[in-house]
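So the sequences go chain by chain: V and H.
Quick note: the first sequence uses our numbering, first residue 1, plus one each step.
Quick note: the second sequence uses our numbering, first residue 1, plus one each step.
Calculated from the structure, these hints are not laboratory results.
Quantities reported herein were computed from a predicted structural model and do not represent experimental measurements.
Warning: the hint list may mix true and false statements.
Stated by the list, open to error - In silico contact screen, one side only, chain V against chain H (beta carbon under 8 Å); selected entries:
| no. | residue |
| --- | --- |
| 1 | 84 |
| 2 | 405 |
| 3 | 425 |
| 4 | 426 |
Quick reminder that beta carbons are idealized off the backbone N, C-alpha and C, glycines included.
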Amino acid sequence: MDVLTAARMQMAFSLGWHIIFACIGMAMPFFMAYTEWKWLKTGEQVYLDLTKAWSKGVAIFFAVGAVSGTVLAFELGLLWPGFMEHAGDIIGMPFSWEGSAFFMEAIALGIFLYGWNRVNKWMHWVSGLVVGISGVLSGIFVVAANGWMNSPSGFDYVNGEFTNIDPVAAMFNDAWFTQALHMTFAAFCATGFAVAGVHAILLLKDKDNLFHRKATQVALLFGAIAALAMPITGDIAAKDVAKRQPAKLAAMEALYHTERPASLIIGGIPNDERQEVDYALRIPYALSFLAHGDFNAEVIGLDQIPDDEEPPVLITHLAFQIMIGCGGLMLLIALAFFWFSSSAKRRPILLRNWWLKLIGLATPLGFIALEAGWTVTEVGRQPWIIYEVMRTKDAVTPVPGIQYSFIMILAIYTLLTLVLIFLMRRQIKTVSLLYASANKEGKVVKDKATLEAALKE
Amino acid sequence: MMVEFVMLVMGVALFFYTVLGGADFGAGIIEMLTGERSIRTISKAIAPVWEANHVWLILVLVVIFNGFPKVFSTMSIMLHIPLLLVLVGMIFRGTAFTFRHYDVIEDSSHRYYHFCFRASSLLTPFFLGMTLGAVILGRISPDLNAGFYAVFIAPWLNAFCIGMGLFTTLLFSYVSAVFLIGEVETEEGRQIMITYSKRSLIALMLLGALIMALAEWSGLALFQQFLAQPISLATIILATLLIPLIFRTIEKRQINTMRVLVGGQVAVIFIGWAAVQFPDFIRFNDGTALTIYNTAAGAATFRQLVIALTVGVLIILPAFFYLFKVFKQKV
Ligand code: HDD
Ligand code: HEM
Ligand code: HEM
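This is chain V alone, in the form it adopts within the complex (with noise of 0.2 Å):
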């Protein structure tokens, strides 16, 4: 592995690790500010129950995500010094913000965790919901300087200098719109499957139980309703993309040969040698439509993108099959959800074994087709760390051994992974102890060698 690779997959790998804690910290506080309003108006304990037991694991995950997220900040000099040299002063606008945005957060999480009998009730309701809000700006910032990466602007390059910096232009720049839309539903997406799979898995054992099935309600509502929202900002997201980056496009879709009309290839085995898409399924005219909103528009192939600036085909077009199949199949479970829901006669299939199972295995949906979303945006603009600017191989650090940095960051987060998930069984093997509405009797344990005993279990 040379430096350069090494320094991908580190970043590729911090990224996508962070990503996945950035996106509890913007969906929960909004499932909690949910729970606990609805507490507010109506006094039934499951649902303060739910808030304080989901803010104690989000108070967890939180701050892996702010030690993940510096992580990011250091990684950003650390492997790609040429890359902020340039790119510093002109994005930073966004990450300043984000700052900003940051220390609103942390400050509304301290009262909003610790605060329970120190603030007034709406006060702590008002600072859960601070704590959601600033977090979806944070997310919104960054993706806006992402969106710059993909679309630079706020400059003039001129004989590899960058001149007349405006950072307003930059951080409005031509990605940054569609991505951070679909990007905010995506979190919401995510986190709701996540946890309503969760919550349903522990269901299947114990039906009656009021706390789980209020959970995976509240947590499927908010993924289900995002879930309908991915396939429309993914398509704007994507006429996006084909007007500009059409390298990313065609890779994307695997379309190595400029097409009028153009037909959508789905699924397949890319071939690069042949240039030709092996076992794949193809509609005519789809692509054209999807594209550019017109059946016979020209959709420009890799054979039209000089070789050297050709993005990795083969990992962008399965990237992008994996994310739109589990969107598919997560706007499948939506429909169905909303469906049984809107009738008392088919209310009760939502605590059917099989319906419980279902959303059970699609617990990881939402989480794969987002870090498969972000590998299609990332890899796809490949060669170019700035499209079009600046190459990734002209912006990595001239430090030798990044190799084991990589192996090193790879090693620790595997250990911290590992140990999460054993937090985290612990937190769910006691919440029926902990919570009134999470068992039958309505009692509260709390002593040590109980709890010492159902962690044995």
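With chain V's structure known, arrange chain H with the ligands on it following the hints.
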């Protein structure tokens, strides 16, 4: 003017990080020295604020890479190794603290978190101080082809930087001990913090003198530089004069006065150092330097940065004080 304003905000952020973040780090060090007895106090005192405290560092980082991108990239290359070590320390510290704090119950699995939390609390400030030392010392080579050792190791792995590492570690634990005097619930615990505060203050003085000597020995006339400038000279005198005063307030257990004085003392040390360092960011071994002027981003960027920082200060400071106020009142 904008450049100076941004530098001022950055200085203030760095100061808050030293005092507030430092108190966090120091708590881990003290926990290591005093063992199990202090865990509860420490967790209780820092849990609600650690994330907010941590953001000060993010702020410093963002200001550097936005306002002075060349400094950010140069540091990231030349001081890659110590910065990576700082980073690893932060990962372990942040996660270990949260893991043990939010776990369902305390049991034997916690000893790993304790170990990670304490070890990283000790090592992170050490490497942070070493990095700072390298920036001050001026052994960084502008020529990347001078050999791996000369470029990536020698600038920070030397006596002066080790001294700076120790100084930072000690400073953090001192700030923390003083802070914890007002937080511990038992008399016995309070006694421990008081003794620690006093001893670490004396040790800091000695270490400070040693660092001056090490600088001299390494060819950096730090002491003369401090004496040559009225501001830095004044700060040295002031920091020294504060020592007996701080001892007295510790004796009398005037919690708030003591905290303010110690904060003031840290601020004074900071200002003195800044006066000596100004306007250099990074000094190279060929006598040149990256200064705040020859690396500052363009006016348009600074205008945005100033706006973001001003809005940030206006919204965040009140919120920050509110947070502290909420957690000061006893319930
Ligand atoms: C829950 C996750 C999820 C789901 C179900 C989908 N996506 Fe997505 N997609 C993302 C999560 C995501 C993402 C991870 O959030 C990305 C990466 C960068 C971005 O802005 O959003 C993304 C990027 C992304 C891009 C590239 C944007 C760019 O490079 O600027 C396109 C064209 C699509 N998506 C299209 C779709 C379509 C047509 C979907 C239909 C079902 C879809 N996505 C479902
Ligand atoms: C959190 C979601 C993200 C994920 C999962 C992600 C994923 C990836 C992947 C897979 C790569 C490697 C691409 C390759 O080399 O083939 C990469 C590279 C990179 N990403 Fe992202 N990315 C994310 C968001 C961002 C954001 C928001 C930024 C910037 C503000 C960013 C900046 C970079 C940089 C600088 C590189 C290295 C240069 C390059 O390979 O082009 N990423 N990322
Ligand atoms: C290059 C890319 C990125 C960098 C440098 C970065 C940086 C950071 C930093 C420093 C933090 C910690 C703030 C704190 O101390 O509380 C953080 C947290 C966060 N980041 Fe990222 N981030 C990146 C990518 C992303 C992406 C792609 C998203 C989402 C779309 C995102 C959303 C968030 C959110 C919501 C948080 C708060 C999370 C929490 O507190 O749990 N970040 N990020």
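Requested in this report: Go through the hint on residue 426 of chain V and say holds or violated, using the shortest Cβ distance to chain H against 8 Å.
Outcome: Nearest chain H Cβ about 5 Å off; hint holds.
Query raised in the report: Can we keep the residue 425 of chain V interface hint, with Cβ of chain H closer than 8 Å?
Result: 10 Å, violated
Query raised in the report: With 8 Å as the cut and Cβ atoms as the points, is residue 84 of chain V at the interface with chain H?
Result: At about 5 Å, which falls below the 8 Å cut-off, the nearest Cβ of chain H leaves the hint on residue 84 of chain V intact, so it holds.
**Report entry** residue 405 of chain V as chain H interface residue, shortest Cβ-Cβ below 8 Å
**Finding:** 6 Å, holds
Consistency note: the structure conflicts with earlier hint 3 alone.
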